[in-house]
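Just so you know, the sequences run in chain order X and F. Under UniProt numbering, the residues of the first sequence are numbered 1 to 119, in order. Under UniProt numbering, the residues of the second sequence are numbered 1 to 119, in order.
Don't read these hints as lab results, they were simulated from the structure. One or more of the hints may lead you astray.
It does not matter which identical chain is meant; a pair holds if it fits inside one copy or across any two.
Calculated pairs, SDA-like style, for lysine to any residue (alpha carbon to alpha carbon, straight line, at most 20 Å) [to be verified]:
id, residue 1, residue 2
1, Lys-50, Leu-85
2, Lys-58, Gln-83
3, Lys-103, Pro-72
4, Lys-103, Pro-70
5, Lys-103, Gly-73
6, Lys-60, Val-119
7, Lys-50, Phe-36
8, Lys-50, Leu-84
9, Lys-50, Arg-29
10, Lys-60, Leu-93
11, Lys-103, Gly-74
12, Lys-50, Ser-38
13, Lys-58, Tyr-14
Protein chains: 2
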Amino acid sequence: MGFCFNAQFVGHYYSTFDSNRADLAGLYRDNSMLTFQSAQELGAAAIAQKLVSLPFQKVKHQPVTTEAQPTPGGGIVILVTGQLLVDDEQNPLSYSQAFQLSKDQAGNWYVFNDIFTLV
Amino acid sequence: MGFCFNAQFVGHYYSTFDSNRADLAGLYRDNSMLTFQSAQELGAAAIAQKLVSLPFQKVKHQPVTTEAQPTPGGGIVILVTGQLLVDDEQNPLSYSQAFQLSKDQAGNWYVFNDIFTLV
Chain X
1 MGFCFNAQFV GHYYSTFDSN RADLAGLYRD NSMLTFQSAQ ELGAAAIAQK LVSLPFQKVK
61 HQPVTTEAQP TPGGGIVILV TGQLLVDDEQ NPLSYSQAFQ LSKDQAGNWY VFNDIFTLV
Chain F
1 MGFCFNAQFV GHYYSTFDSN RADLAGLYRD NSMLTFQSAQ ELGAAAIAQK LVSLPFQKVK
61 HQPVTTEAQP TPGGGIVILV TGQLLVDDEQ NPLSYSQAFQ LSKDQAGNWY VFNDIFTLV
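Isolated chain X (complex conformation) (with noise of 0.2 Å):
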C-alpha cells in the first residue's frame, strides 16, 4: 500500500503548502515534531505557526525524488528531495525533506517527525 499511499501524500503535502500554508495544520498533531533550518517546533499549532510565518509570499515546491520505507511502529518514512521557488526568484533553491507518518487513534495519517533542509 506504501508507495501509492506516500505519492498521494507529498503530492497533497506541497500544494497545500504552496497554496495555503495555514491548512498544513490538519497533517500535524499535537506531538508532531518539526525541524525547519535547524528551528524546532513541537505540535500542529507551533508547527503551522512557523510554516504560514516563513518570509515569502509565494512558493512553489517541485520534488524531484521521492522514496519511502515502512518503519518498525507501522508508519512510513518518506525522503524528499527537490527544488523550490519563491516569490518572484528565478533561482530556484534546492531542499531535502524527511517525513515520518503515523496513524493517530482515529486511524489517521498525520505527519510525526518533519525535518526540512536547504542545501
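Could you slot chain F onto chain X? The hints should help.
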C-alpha cells in the same frame, strides 16, 4: 540523549563507510531496509553486499547538515545532507540520506531504515 548519540552515529557511519564498507554490516539487522538510488535491499547481508559492490574504490563523505528527532516507537530519525568525493574525482557529489535507528532485542542501536539519494 538524542543529539550526542546522533552525532556519534553519523560520524561512525561515514568513517566506517569510507574506510571499510564491509564493516557496515554490523550496523544493520535482518529486518533493515536500504533504498540506494531507488534500488531496494532487505537485511544486513544484502545491504552490505550492495554497499561493497558500489563501483568505486575510494569514497569520502562530508556531511554538512545533520538533524534528528525521536520517533513514535522509541527510535531516532536522522536527515543528513552533504557531499561525497569518489575515487580521484575533483567535483563532489551532493547527497541526502535519511536514517531511522531502532534498538534490537539486546538494546543495541541499529539502522532500520536507510534511504540514500544523490541530488
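Worksheet item: Looking at the structure, which of the earlier hints fail to hold?
Response: none
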